[in-house]
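A.B. asks: The chain contents come next:
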Amino acid sequence: GAGVSQSPSNKVTEKGKDVELRCDPISGHTALYWYRQSLGQGLEFLIYFQGNSAPDKSGLPSDRFSAERTGGSVSTLTIQRTQQEDSAVYLCASSLGAGGPHEQFFGPGTRLTVL
Amino acid sequence: AQSVTQLDSQVPVFEEAPVELRCNYSSSVSVYLFWYVQYPNQGLQLLLKYLSGSTLVKGINGFEAEFNKSQTSFHLRKPSVHISDTAEYFCAVTPRGGGADGLTFGKGTHLIIQP
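Taken in order, these protein sequences are the chains called A and B.
Taking the working numbering, the leading residue of the first sequence gets 1, the next gets one more, and so forth.
Taking the working numbering, the leading residue of the second sequence gets 1, the next gets one more, and so forth.
Incorrect hints may appear among the rest.
[Said to hold, decoys possible] Ranges of calculated distance between the beta carbons of each label pair, as one might list FRET restraints: (1) E66(B) / G40(A): 27 to 33 Å; (2) E64(B) / P61(A): 47 to 53 Å; (3) S54(B) / K15(A): 49 to 55 Å; (4) L56(B) / K15(A): 33 to 39 Å; (5) E68(A) / K69(B): 35 to 41 Å; (6) E15(B) / S38(A): 45 to 51 Å; (7) P40(B) / D18(A): 28 to 34 Å; (8) P115(B) / P8(A): 34 to 40 Å; (9) S28(B) / G71(A): 43 to 49 Å; (10) A54(A) / Q10(B): 39 to 45 Å.
No lab work stands behind these hints: they were computed from the structure.
Predicted model only: the values in this text are computed from it and were never measured.
Yeah, the Cβ is synthetic: ideal placement off N, Cα and C, and Gly gets one too.
Make the full structure from the sequences, and use the hints.
C.D. replies: Below, the structure is given as C-alpha cells:
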C-alpha cells in the first residue's frame, strides 16, 4: 500500500516568505507527527496530532511555525516569515495509534532551503 | 524529558566484520526504545524496537539490540556487515505513557562499510 507522502520534495524560498509543507499519512493512521532534521540539531520532534484532537504545540521552535490537520487526515505545516535557520528537511510520520508502542512510518521529507 | 546519546558520529568497519553502535539514554520515566536506519537519499525505516519482555530484540537485516536498564543502554549489533548496511543509524526513545510525545532521537551514527 501507499506510504506517507510529502510535498513538495524540495522547496527553495527567500528569507521572509511564507511556506506550506504538506503531509498525507497512511490511510487509517490516526496519529501524525512532524519532525525537523538539520545538520546542527539532528532530528527534532515538532508537533503531534491524534485524530481531530487539538495538537500539543509546545515543540514548535517559534510562533512563526503552525500546523493543522484537516478531517483527521492531511496535515499542513506552515512557516511564516522564513529565516535561514529554518533550512532543514521536514519529516512527517504517521502511526496506527497514539503513543509509544506504535511504529511510526516516515515520509521522504521536504527539503527546505531559505536563501 | 528524555535525551539520547550516540557517542560515535562515525563508525568505519570492514565488510563481513562485526559492528556495535552504541546508544545511551536518560529519562525520568520508563521509555520504549527504537533503532531507525536512514539509507542514502531515503526516509527513515524502523530496524527494531524494545517494548517489553526479552531484553534482546531482533530486527530486520540481521540486526539485534540489547536493552540494559541498569546501564540505560540499547546498543545495536550485527555479527557480519555488508556494503548495503552503509547508512545513518538513529537511536530513539519515547515515554511509555504515550500521547503527545514524539520520538526523541540521538544525533545519529554514520556506519561506513569498507570493502
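A.B. asks: Hint compliance check: list the failing hint numbers for this structure, sorted ascending.
C.D. replies: 2, 4, 6, 9
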